[in-house]
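Undergrad: Residues per chain, in single letters:
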Amino acid sequence: MKITYYWLKDFVEIKISPRQLADKLTMAGIEVKGLEEKDGDFVLDIETTSNRPDLLSVYGIAREVAVITGKSFKEPKPPKIATAQNKTDFDIKINSPKDCPLYTAKIIRGVKIGPSPGWLKKRLELVGCRSINNVVDITNYILFTYGEPLHAFDFDRISSEGIFVRRARRGERLMTIDAGECLLDEDMLVIADNNRILALAGIIGGKESEVSGDTKNILLEAAIFAPVLIRRARQKLGIETNSSYRFERGIDSETVQKASACACALILELASGKMTLKKETGLLKTRPRSILTEVASAEKILGSHILPKETIKILNRLGLKTKRASKKMLRLTIPPYRNDLFTQIDIVEELARIHGYDAIPNTLPKITPQPPSLQKRDLVSLTKQTLVALGLNEVITYSLISRSLWGMFSEGQDVSVIEVENPLSSEQEILRPSLIPSLVKCVAHNYNQRQQYVYLFEIAHVFSQKEGNLREELQLAIALSGSRAIFLEDMVVKDTAGLLHLKGIIETLCARLGVERYEFVNRNHNQIIDICISGEGAGSLYQIPRRILNYFDIKNRQVIVAQLSLDRLFAGAVLTKQFFALPKFPAITRDISFILKEEIPVQELLAALKEQGGSLLAAVTITDYYRGKQIPAGYRGITVSCVYRAGERTLREEEVNPIDATLRALLEKRFQAKMR
Amino acid sequence: MDIYSIRTQIELEVNQLNSREALEAFRNKYLARKGIISQLTGSIPSLAVEERAAFGKEVNLLKSQILAIIAEKEKTLAAEKPSTPAPGGGIDIGMPGIAQEIGRLHPITQTIDEITSIFVQMGFSVVEGPEIETEYNNFTGLNIPLDHPSRDAFDTFYIKSPAKNRLLLRSHTSPVQIRVMKSRRPPLAIIVPGRVYRPDAVDASHLFMFHQIEGFMVDEGIRFSDLKGVLEVFAKAVFGKEIKMRFRPHFFPFTEPSAEVDISCIICQGRQLSDVLTSQGKRCSVCGGKGWLEILGSGMIHPNVFKHVGYDPTKYTGFAFGMGIERIAMLKYGISDIRLFFENDLRFLRQF
Ligand SMILES: [Zn+2]
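Taken in order, these protein sequences are the chains called E and W. Anchor point for the first sequence: position 45 equals 45 in my numbering, and the numbering is continuous, going up by one each time. The number in my numbering is simply the position in the second sequence, starting from 1, with 1000 added.
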């Protein structure tokens, strides 16, 4: 909201510069967002908070300036307006006083519509309001001055019998002054006569009864409408006006008459004419509200001491009447325009605000430390650190994605997604059930930026529903793609990301988290490897299908992904460490080199070796593998290293030799391996 | 092997003696125990007696010539710089180092970690909450009426659900206040990082998803001065000891008194303050010439919130604060477009 320095001076003496005034207002909670010198005045751009509708006017801000600066507020005298002979018989019917507690109308006859005088035009233009004609400008000027929205109708366009303030009927329409045609319903309040709807109450007037160059007689409306009705209609129709903004926040009933009288007087002065009718419907019962508050309440909440004398002085300046109720208690009477003060804490805030937040000291509270316990968050942190150490970059992507993006990835997945009721765009239609689509998008984005290899992970919540139950769980997803150069001592080798890289990452992660019971299970040869932890499915590794890569324009490259439920992973985590004594006796290692048919999986082979090897065989690992020149097509060369160890003695060669022989025999017979 | 052809050979070899290694090989070839000179000397007894003296002279002459060549070459080589070591012999430290490249944590994660650790050092504990929330936890319990202008600051994504109670994507991390207070008793000192969602049109400073950190403390005798003290420790830890702070009165439905907290502009330090607001010209682009940067919202927890969770507001008081992580990170790192955080360009991520 914009107001000007000299406009404020109409109501309060200001002895400080515009800049100092802006600072003082800001530090009293009335934030001045901008200050600009313009046409010999200073425009203050003010942001008020939703609890203070009384500040939505020059008058209201001036009242606050008086409080802050300690100057007195200049309440203007109400203008005296003679009512010409009351010839007009005009009826105002309010269907529900709840919807419209007060409606005042003044009929002014014989006005001359014309341009506004320079001073009026200038003030309106300074606050960003276009000058239209004298009558319309005056209603706007009074709105900015007092915060009470007024509306002027062309009286000759209204049925002379009277008007109704009523709910619209579903399907009724109104052509507005400048917001096009509106389709109305019964949640909206309108001003209507017998024939048609004249205005959307409190929001915008109708085109037909608009004041124009030919207008001779006007009806000036000043009213109060129910804030919630205005709010709902405004939201439904998407029309926000200076008027709706104020009605939605609440109007001080005392300014209604004041504003109406000032506007009327100004119209008579600038557009001539005579007031021929003054009518008010609805009576406001205003009983001043009172609050009982402890004198010392501020100190308890703020931690700074404000003398009782000072307390009372501040409250009086704010327009509150104070009376000692007891030694410790004050009874406060709240002025009608402060509709935000109800309880003691509201009073404490006012004291803090005017006394100054700067006057409150900085102290440090005593905090009782909680015994630290290992939380999910710590495991997430450990997981992230491990992945980063393995060369993966963490990404953060949007939890909301489009239905079409998910559609590409959801093939064959039995997942019911959660939909957003009010997305702003198709990019926010659903809550993602998997992080993979977003990661693939990230890979594509980075390829567009000419990256050669992209190693990414994200940890975030994923969402799905089953039989009406919403599920939200933490997922880890990894995407690897492209090739990187690995520098060795005598050469550089190209390393292209594949499923085994991903397997290695997950194995390292499991090792770091102390997850022991996990395995990779090949699912029906379709390139999906399931990760099982403690026997339960926890996630999978797979290659993104070519049709999806084509969509993202990823050519000649594979994208390998993994998704893993962190709840499942963490359930298997053991971070407590147990030391095992280092072996005292030397081990004997026997390597077996052989060639193996491609289609024979090594997983089974290793398991069989372990079983056959018995208790002396401590470990079997693959230490070399090779495909190429010396190996026949359809085979691969493999070396396994078998480490033998006896617990409490030195193992002898003679003990190992027969086991080694049985292992070789096993490889030859069961796995058709050929020794090299 | 005649002395003449050996001389010719030596003449050819002399030009190649450009390194110590070559010179050493040269020396060995001719002067070593089984070198050419000793072979020649060894062949003397097999010569005819009359030839022996003359041949011996020739060999001695040859030997002294070789020694002279070596002595001279040693001088010239000593004057030269040491040569690059032969491949395999030494290390060329100009070659790329060999290491596993590490990845980076996202700058938002790094900022969250930094901020939470400051509060954890002060004794706060970290709690997280779900992103799908009830209307009650997100609004009603926090003293935000459903049909009121105070809700306009909290436009919210609702989700389609058959559940009786409307569900939404939390628009701030404050619902975790309600969750924690409903399940635990004071004293509480809690910090809550997490994702939040608001249907805002996307531009350089707005997104429909971002991160917040919420902090709150509840006990007997907690005062606004404690809030000021705690936040001062935080702001100085993140932005430096030199920064100034100010607490401005504001309105939030869930706190009273409420304050917005500004720090002095980290770019211009508010130096141009006296005249910038009134001149259109050279305004600091970070603070808009105001000299202050808003970093968070805070206040004393509203008694109505305590009533909602069943705490006695006459017994307990508390403070709460909340801040946008992206904003803090943008100020800290000098990033001017919030969308960069979610594009995840590796050239961006690798800078942190
Ligand atoms: Zn600045």
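Rather than coming from a laboratory, the hints here were simulated on the basis of the structure. You may find that some hints are simply not true.
Beyond 12 Å from chain W on every Cβ pair, some chain E residues (computed) [as the list claims (entries may be wrong)]:
id, residue
1, 331
2, 363
3, 368
4, 449
5, 461
6, 528
7, 536
8, 599
Derived PhoX-like pairs (lysine-lysine); straight-line CA-CA distance at most 20 Å [what the hints assert, rightly or not]:
id, chain 1, residue 1, chain 2, residue 2
9, E, 24, W, 1160
10, W, 1236, E, 376
11, E, 466, W, 1244
12, E, 258, E, 74
Just so it is clear, CB atoms sit at the ideal spot from N, CA and C, and this is done for glycine as well.
Undergrad: Hint by hint, say whether it matches the structure.
TA: We went through each hint and held it up to the structure:
{"no.": "1", "hint": "331", "in the structure": "19 Å, holds"}
{"no.": "2", "hint": "363", "in the structure": "4 Å, violated"}
{"no.": "3", "hint": "368", "in the structure": "5 Å, violated"}
{"no.": "4", "hint": "449", "in the structure": "6 Å, violated"}
{"no.": "5", "hint": "461", "in the structure": "6 Å, violated"}
{"no.": "6", "hint": "528", "in the structure": "25 Å, holds"}
{"no.": "7", "hint": "536", "in the structure": "23 Å, holds"}
{"no.": "8", "hint": "599", "in the structure": "33 Å, holds"}
{"no.": "9", "hint": "E/24 to W/1160", "in the structure": "47 Å, violated"}
{"no.": "10", "hint": "W/1236 to E/376", "in the structure": "29 Å, violated"}
{"no.": "11", "hint": "E/466 to W/1244", "in the structure": "52 Å, violated"}
{"no.": "12", "hint": "E/258 to E/74", "in the structure": "14 Å, holds"}
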